[in-house]
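If you read the protein sequences in the order shown, they are chains A and B. Quick note on the working numbering: the first sequence kicks off at 1 and runs consecutively. Quick note on the working numbering: the second sequence kicks off at 1001 and runs consecutively.
Hints are computed from structural coordinates only; laboratory data are not their basis. Where hints are given, some of them may not hold.
[What the hints assert, rightly or not] For the chain B half of the interface with chain A, some residues (derived, Cβ under 7 Å), not all of them:
#1 C1012
#2 G1015
#3 G1043
#4 P1044
#5 N1096
#6 K1103
[To be verified] Cross-link-like lysine-lysine pairs, in silico, DSS-like; alpha carbons within 25 Å at most:
#7 B/K1052 to B/K1003
#8 B/K1003 to B/K1103
#9 B/K1103 to A/K9
#10 A/K9 to B/K1052
#11 B/K1069 to B/K1052
#12 B/K1069 to B/K1098
Small disclaimer: the values here were computed from a predicted structure and weren't measured. Cβ atoms here follow ideal geometry from the backbone N, Cα and C, with glycine treated the same way.
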Amino acid sequence: NAGVTQTPKFQVLKTGQSMTLQCAQDMNHEYMSWYRQDPGMGLRLIHYSVGAGITDQGEVPNGYNVSRSTTEDFPLRLLSAAPSQTSVYFCASSYSTGTSPLHFGNGTRLTVT
Amino acid sequence: DAKTTQPTSMDCAEGRAANLPCNHSTISGNEYVYWYRQIHSQGPQYIIHGLKNNETNEMASLIITEDRKSSTLILPHATLRDTAVYYCIVARGGSNYKLTFGKGTLLTVNP
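Okay, chain A solo, but in the shape it has when bound (with noise of 0.2 Å):
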């Protein structure tokens, strides 16, 4: 059972250059989220999905696209990277349940120059 498994591990970017970080999930979870987590920071959510075909915006979704075509994948784009998008980049999800606890990836570390 491989839970949440987030591709790549690392990345590194130009300024305005594109990219996809993938995020896919093995437990048939509704409910799928991104968080970025910025030095001495909380996470903070950037978008999030209640099932496959309906996003949403959390706090910070600037510069960044989402979709949900099947309720394994929840991919998160960044059209035209900035250095302020330089973060390390955490998935999760878990079951639609009320109280169901998130399920977390071990992150993509991305760097924008």
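Assemble chain B onto chain A, guided by the hints.
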């Protein structure tokens, strides 16, 4: 969602109980208290949650005061591997997928 207040850091001796406090004085009746931890930049790990009754699982115990304005996470026998940042989060039932993580408490377990 209600805001939480946690100490920035705490120390604990290995083998002793670690008691991590959290204040959530504006908590609403339908809001749960969740605890997560993050070990050295890994993804956060769920520990426990509760509404108003005390809860215990294989990892920890959660003690919630009767007025629900504060809670304490107890790690009964702390080990070096429990050194981590511990997050106390308050959120409504059904919003578990969009939890707000503050800065948490850095717990350092010393040998």
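Here is what the structure says about each hint:
The restraint placing B/C1012 at the interface with chain A is violated, with a minimum CB-CB distance near 22 Å, outside the 7 Å limit. Using the Cβ-Cβ criterion of 7 Å, the hint placing B/G1015 at the interface with chain A is not satisfied: the shortest such distance is roughly 27 Å. With a least beta-carbon distance of about 3 Å to chain A, the hint placing B/G1043 at the interface is held under the 7 Å criterion. The beta carbon of B/P1044 is positioned within 7 Å of a beta carbon in chain A (closest approach about 5 Å), and the interface hint is therefore held.
A least Cβ separation of about 5 Å between B/N1096 and chain A falls short of the 7 Å threshold, and the interface hint therefore holds. The interface hint given for B/K1103 holds, since its Cβ lies 5 Å from the closest Cβ of chain A, which is under the 7 Å cut-off. Note on B/K1052 and B/K1003: the hinted pairing holds, with a Cα-Cα distance of about 17 Å set against a maximum of 25 Å. With a C-alpha separation of about 12 Å, the suggested pair B/K1003 and B/K1103 falls inside the 25 Å cut-off, and the hint holds.
Taking the CA atoms of B/K1103 and A/K9, the gap is about 23 Å. The hint holds against a cut of 25 Å. The hinted pair formed by A/K9 and B/K1052 fails the criterion: a straight-line CA distance of about 39 Å is larger than 25 Å. For the given pair, B/K1069 sits about 10 Å from B/K1052 by alpha-carbon distance, which is consistent with the 25 Å threshold. The hinted pair formed by B/K1069 and B/K1098 meets the criterion: a straight-line CA distance of about 22 Å does not exceed 25 Å.
Of the numbered hints listed earlier, those contradicted by the structure are 1, 2, 10.
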